[in-house]
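Based on these hints, arrange chain C on the given structure of chain R.
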Amino acid sequence: MKKLKHSEYILAIKPVLKKLLDAVLAKYPYASILAVDSMGNMYSSSKTGVSIAEIPRYANCGFVIKAYDGNAYGEYSFNDVSEEMIPEILKKLEEAMSLKNVAKGGLSLCEYKQMTDEPCTFSDSSEYEIAPWEMGDDKIIAKLTELKDALLATDKRIINAAARINYQKYTKLFLSKNKDMIQTNMWVEAYLTIAAKEGETVRNNYYPFSGRCGFEIMDEMQKGVKKASEVVIELLSAEQIVPGTYTCVCNPHVTGMIVHEAFGHGAEMDMFVKDRAIAQQYIGKRVASDLVTMHDSGNAVSQTGTYFFDDEGVLATDTVIIDKGILKTGMSDAQSAMYLGTEPTGNGKRESYKRKAYTRMTNTYFEAGKDKVEDMIASVDYGFLLENPSSGMEDPKNWGIQMMVDMAREIKDGKLTGKVFSPCILSGYVPDLLESISMMSDTVELGGSGACGKGYKEFVKVSDGGPYIKAQIRLG
Amino acid sequence: MIDRILKALKNNNVSIYRLRDTVTESTEVFFVKKKLDTRRIANTETVSVTVYREFEKDGVKFLGDANFSVEPSMSEEIIDSKIKKAFMSAGFVTNKAYDLAEKLVSDVVEVESNIADIPVDEALGKMVEALYRNDTDSNTFINSAELFLTKHKSRVMTGNGVDVAWIQYGVNGEYVCQCKTPEDVETYASFDYDNLECEQLAEKVKETLAMTRDRSVAVANPVNGKADIVLPNRYAEEVLNYYLVQTDAFYNFAGYFENKVGSFVQGKEEEISGDRITMDLLPVAPFNGDGIKMIERSGIEKGVMKTYQGALRFCRYLNVPAVGAYSKYRIASGDMSFEDMKKQKGLYIVNFSDFQLDPVVGCFRGEIRLAYYNDGEKIVPVTGGSVNGSIIEAQKSIRLSKERQETTTISGPKAILLKDVSVAGC
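Chains R and C, in that order, give the protein sequences.
Just so you know, we're using the working numbering here: the first sequence kicks off at 1 and counts up by one.
Just so you know, we're using the working numbering here: the second sequence kicks off at 1 and counts up by one.
It is possible that part of the hints are untrue.
[Said to hold, decoys possible] Selected chain R positions facing chain C (in silico; Cβ < 8 Å):
(1) A53
(2) A96
(3) I425
Treat the hints as calculated values from the structure; they're not laboratory data.
As the structure is a prediction and not an experimental result, all values here were calculated from the model.
The beta-carbon is built from N, C-alpha and C at its ideal position, and this holds for glycine as well.
Isolated chain R, as found in the complex (with noise of 0.2 Å):
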């Protein structure tokens, strides 16, 4: 394994961002400046053409200063930076401060207190085998043509197939008075996508890749091509399944799915600040059953979402959300740790320099229990054996719960009988499903491919998953 080299770029400009802070801290009480270098490629090749090109919210290059001037923050996001700009980027900061203006007729502005600024000096990188620029654009992308051919000769009803991968390296210097942090991040995300047709009915699959590697991942991206051809096909013959709540057990990608959008969204402390996460009212209370237990990790399991410190200074943790079914805490960044007088959880995130920090999550899972998939098949007397789950959305004020699901395989006296259902929309209300959890598989899995938004926009690197876990569902 080979340890990444920090921002050539970064190191450089250092020592006129010392200058720029000192010259902001020279007028405001607290600063900070966070800044980032990232490159970001994407490569594929499918039916309809080959493609390497940079993937614009992963590749950037910019600043943010964040200020406080007694009472609250204000921020400044750029990406051209010298020692004689300087005054002019002092400026716009001024005017950005200057905003709490628009705060009349009724309004007020936030009071914070300043962010405690604990020293602190750090430096490291993550670890990889293969970088893609030693590997060559020429071989990536005619392993890539290689898996793509593989996924199109599979069928005759394959219309299209595509292999392609992804990848961010990034760099992140935080500078405030007191810390001096740097880290430096790669991740890899790749995935087999495949769509066919019979008669009028078009069904697409996709078959994900992830972790916080390089590109030696792409030698596990050939055992994806069989499955993902063969769930394709079963898609086509896809039935619409009757409404009701049935037995289901959740592959742990759809796990993964539950823990982050069903409840890991709203144990989001930003979100207690606003009064909008009834979490909230829960700690300490039980929400899960017994078997469950879920942690957010930014340093304790290694895959998209980890990192050394998060946007804002602070130092990656592990976190247990809930504990044997009893919610424990959430997760947060800075700022809203210091309004709820919490411990930060190195959980401020930003989706790149230009963006504000929010609690966001890293990697984010429920532990493993003790059963066998094929025990927890055969339990079902009838149900559904739940996979490739495609979207959800949080709703962390009512625990609502809203999936899809694009794979529901029947269990009939506790074999799977070949029929597949789709597309499915999994519902009901948070705590119900996570209390039916009777059975945990005895291992975890963890997948990052996809991005994670605050609502519809605001998109960052996760990484969420567990065990199989068999649960009462709502399907519709």
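Coordinates of chain C only, in the frame set by chain R:
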């Protein structure tokens, strides 16, 4: 920055390229209840550079491309190395050769907006006032809100002689309304305007507050099985997006659809008992990212496709005019009034937790946060459960309202009526 990039491209003998320069100024305020929590300004400039490379392999001509972005602080050496790397990468991109956009030169076009007329803080102040104008009830109020005022300067240049530029303003944001009693509930809403639409925003907030009050007293959704549903505003738009995708060159080139200009794209013509879709394609900017002039066009007329739209490469492969990819459209109204739709037995669904249509599969799905259930005798607010339908089936009898909605992405019917949709109650 453009000049430095052009010079570096010339030094590397790269003559086929596309530059997209975007200068963004964003002024942002974030509120919690009636308090300003955070204020921000974000000023950035980024040039996205696409480098093309012509090459031949086994007698087939290809046009490969790779792209990268340039930030103002990048040195000449970094720009030079990025060009070299992209040019090499483009040589591995085996896309069959196609023609890029033709030469087009234009003066800077400033898209008309009243946001340009006044200082930023004043403009922001007006929208904040509109946002909170109807927030007067201590039981039902704005829980939190975010407001973004933006100015984008865009310029597209290519090696083919395209050089066009335009300036656009916008104001967008989101807010959450909360009703404390009898049930503590909330409703999320968002807005996006080209102008300072203060009256529209104030009215929208008023409607959201009323909707949230109704959710607070809603009962569990009793509907199980097939029901007629009325979808208003953005949910109607989500369903109608299906027809924009029907005209998309990519999906037709890839074989998802086999639509042709002149073919009926609303299922089987003989099965249509409801309204036929007429859709015009509307520009959202004077030019697109390839430097193609965007103008209003007929997309579908009474169910018959008139124009392919979409990415340049796939239009070229289909050998149809490359008119650009459209994201806004106008759908002609039907003759049923919105009030008559709501009088039908079934569910009038005003709020989902999320509502999505998969344009390839044709399914639409969502969990119901608030609906009004008309059982034929009375109308009650209900919550919970979900809908799971297929536009392929529902388009046969779709009804479009007489009344209109106008947003930055659609000019179309305010609501649609879909018959016999699968509903899972609580």
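Each hint, compared with the structure:
Restraint check, A53(R) versus chain C: the minimum CB separation of about 5 Å is within 8 Å; hint holds. Look at A96(R): its Cβ gets to within about 4 Å of chain C, closer than 8 Å, so that hint holds up. For I425(R), the interface hint holds, the least distance from its beta-carbon to any beta-carbon of chain C being 4 Å, beneath 8 Å.
Violated hints are absent here; each numbered hint is respected by the structure.
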